[in-house]
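Novice: Okay, here's what each chain looks like letter by letter:
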Amino acid sequence: MFTRFIENLRIAIFSIFANRLRAMLTMLGIIIGILAVTLMGTLISGLDRSFEKSISFMSRDVLFVTKHEWFGDEDWWEVRNRRNLKPEYVEKIKNLSDYVLAAAPLIARTTTVRYRDKSVMAVQTNGTTEEYLQVSTANIETGRFFTAGESRSGAPVCIIGVDVAQELFENEDPLGKKVKFGPHQFRVIGVTEKQGKFLGLFSLDNRAIIPLGTFQKMFARRGWSQIMVKVPAEFVSEAKDELTSVMRRIRGLGPRDRNDFAINEQEAFRSQYNTIKLAIGGTGVFITILSLVVGGIGIMNIMFVSVKERTKEIGVRKALGATPKTIMSQFLLEAVIICGFAGLIGLVLSWFGSLVINRFFPSTMPVWLAAAAFLLSLLVGILSGLAPSYRAARLHPIDALRYE
Amino acid sequence: MTPGALISLKGVTKVYEIGEDQKVHALRGIDAEITAGDYISIMGPSGSGKSTLMNIIGCLDTPTEGIYRLEGEMVHEMDDNQLASIRNRKIGFVFQTFNLLPRSTALRNVELPLIYAGVPVDERREKAEDALKKVGLGDRMDHKPNELSGGQCQRVAIARALITNPSIILADEPTGNLDSKTGVEIMQILVSLQEAGNTIVLVTHEQYIAEHANRVIKLLDGLISDDTSN
Ligand SMILES: Nc1ncnc2c1ncn2[C@@H]1O[C@H](COP(=O)(O)OP(=O)(O)OP(=O)(O)O)[C@@H](O)[C@H]1O
Ligand SMILES: [Mg+2]
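Going down the list, the protein sequences come from chains A and B.
In terms of this note's numbering, the first sequence is residues 1012 to 1415.
In terms of this note's numbering, the second sequence is residues 1002 to 1231.
Source of the hints: derived by calculation from the structure; they are not laboratory data.
Note that the structure is a prediction, hence the values are computed from the model and not measured.
All C-beta atoms, glycine included, are put in the ideal place defined by N, C-alpha and C.
Hints may be right or wrong, so weigh each one.
Unchecked claim - Covered by chain B, according to a simulated footprint, are these stretches of chain A (three or more residues, beta-carbon under 8 Å):
id : stretch
1  : 1041-1050
2  : 1271-1281
What the hints assert, rightly or not - Cut-off 25 Å, straight-line C-alpha distance, at most; resulting in silico cross-link-like pairs (DSS-like, lysine-lysine):
id : chain 1 : residue 1 : chain 2 : residue 2
3  : A       : LYS1319   : B       : LYS1145
4  : A       : LYS1078   : A       : LYS1129
5  : A       : LYS1208   : A       : LYS1103
6  : A       : LYS1078   : A       : LYS1097
7  : A       : LYS1241   : A       : LYS1097
8  : A       : LYS1323   : B       : LYS1145
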């Protein structure tokens, strides 16, 4: 058994080596298939990791009241004509709702922030109230947040993200320094902790927070972007229902009117993300199946050629006592080795590929996926080798010996 | 069946079906017995069924009808796996066209039957070297068939047939592809094998080759027309 296996292994490797160009060409489909499935897995693992990391900036127990749904498919014309959200809503919500623990408005624009001769462009600048600290995941690293009084009176104070602090101050202590938001001068009273990048795309630390009153005074009084409402984590959906009816009352909607606002939660991101993930996964699986099928047919084809070319050899081996099973496993082994080798090449290439992906965001090729991909390539080998090796096994010794 | 007979054939026929309704009766009913130690020469005109008979005795082919017993085993009832095992253990076949594996060395060609018998590498290497020395090729072990002359190839084939120490050695026109001088050398090897106790069945067209045999079977149209022992 073992002796015969070694012999078959030897024959297979010898034969592949003798026809290496042909073998290489037919390996291509398998290589691409394995590459596609493993790179897709790496990509998804990286996306998952960066998504989970990113999404943590948004608590599960915070609801976001906005004019329109984040990933909604509402009629844009209808949405456009909706009334803006007003600052008074925050107080009204707190009065009318039983679930609300804290609520803060958030209005945003981008500005260029300067300190002496240094400047940072496109800083995400938010106007909000002192309750923002409770509804957001941002934490103060050094200094303090602004007070209710500063918020109401519109004091020219600001809290900056670590990226901004780094850019403008390097080794200096930013606290108490005067920075300029466009023409307006602000005093830095705090720096927020590092939050990282969202989905590896934009930094959450390239930002500044100023009091709502100040924002309204200094920048154009544009529409409210959103109201963040913190609710008890165990009653998110009840709170969402309640908040909907509260908002309907605030907006003065009749029983037949449709909601002219939306209440979003972290979940919306998650389901949107899952849709994207499914699309990437689906594409990867599609490419994989397609190339494995094409590759498998290619392997089957050269195995048939190989059986035909070696008919006489099969005859000799049979005449000397090789059983049908031995001949069958000889050719099966050859197909499996070709595919397994292709699988290994695919894995090596995809390892390099994952290094490239890793430069864009942290990711690892899941080990189970690499193992599964390798087994898959062996399976393709078995499936595509089955028919040709069965043909070889069934050859009649005399006919095979006479074949020229 | 005579007790002690190595091979016994009874009413063996072989019919080839070509297409729908055309049949070739290659063997029409062969009755024969072969005793251990025999040196039998099969003769007959082309197409008389010599090769067909050899292939059946060599278990490369199965009879359409009839009984084939080899050392008491009912060969005609065997499936492909059992036939493979019989070929491996009990038959040594020497072909007219040598049928060596072109890309393997002489040594590996000779080893092949032992590989399929599952003999471990050291043991089979030793046996293969011995067999090659026996046919006078001790200095050509690592040569491939295309580096050997026809006569040397046929010697490799004989060594390969010998290596499992088979019950019977079958040679179908082993000198057919060789010049007469080389043919004589091959015949001498076969004679010496018979003298060493092997059973040999040989197909030949040459009268002078048949003369070495102690029994000559003549075939005509798929039947035994003459069976003489001397
Ligand atoms: N595979 C086959 N299919 C059909 N007919 C066959 C086959 N093999 C042999 N025959 C026929 O069977 C008959 C016997 O053939 P066989 O090869 O046994 O003759 P032979 O005595 O060996 O002839 P030669 O001396 O030329 O080798 C011939 O008529 C041949 O045509
Ligand atoms: Mg013949």
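Novice: Between the alpha carbons of LYS1241 (chain A) and LYS1097 (chain A), is the straight-line distance 25 Å or under?
Specialist: holds, 18 Å
Novice: Mind checking the alpha carbons of LYS1319 (chain A) and LYS1145 (chain B) for me, to see if they're no more than 25 Å apart?
Specialist: OK: LYS1319 (chain A) and LYS1145 (chain B) at ~22 Å, within 25 Å.
Novice: Going straight from one Cα to the other, do LYS1208 (chain A) and LYS1103 (chain A) come out at no more than 25 Å?
Specialist: violated, 34 Å
Novice: Three or more residues of the stretch 1041-1050 of chain A near chain B by CB distance under 8 Å?
Specialist: violated (count 0)
Novice: Holds or violated: LYS1078 (chain A) with LYS1097 (chain A), Cα cutoff 25 Å?
Specialist: holds, 11 Å
Novice: Decide if the proposed pair is consistent with the structure: LYS1078 (chain A) and LYS1129 (chain A), CA atoms, cutoff 25 Å inclusive.
Specialist: Answer violated: LYS1078 (chain A) to LYS1129 (chain A) is near 37 Å, above 25 Å.
Novice: Taking 25 Å as the top limit, are the C-alpha atoms of LYS1323 (chain A) and LYS1145 (chain B) close enough?
Specialist: Answer holds: LYS1323 (chain A) to LYS1145 (chain B) is near 17 Å, not above 25 Å.
Novice: Report holds or violated for chain B covering the stretch 1271-1281 of chain A, Cβ cut-off 8 Å, minimum 3 residues.
Specialist: violated (count 0)
Of the numbered hints given earlier, the model fails hints 1, 2, 4, 5; all others are met.
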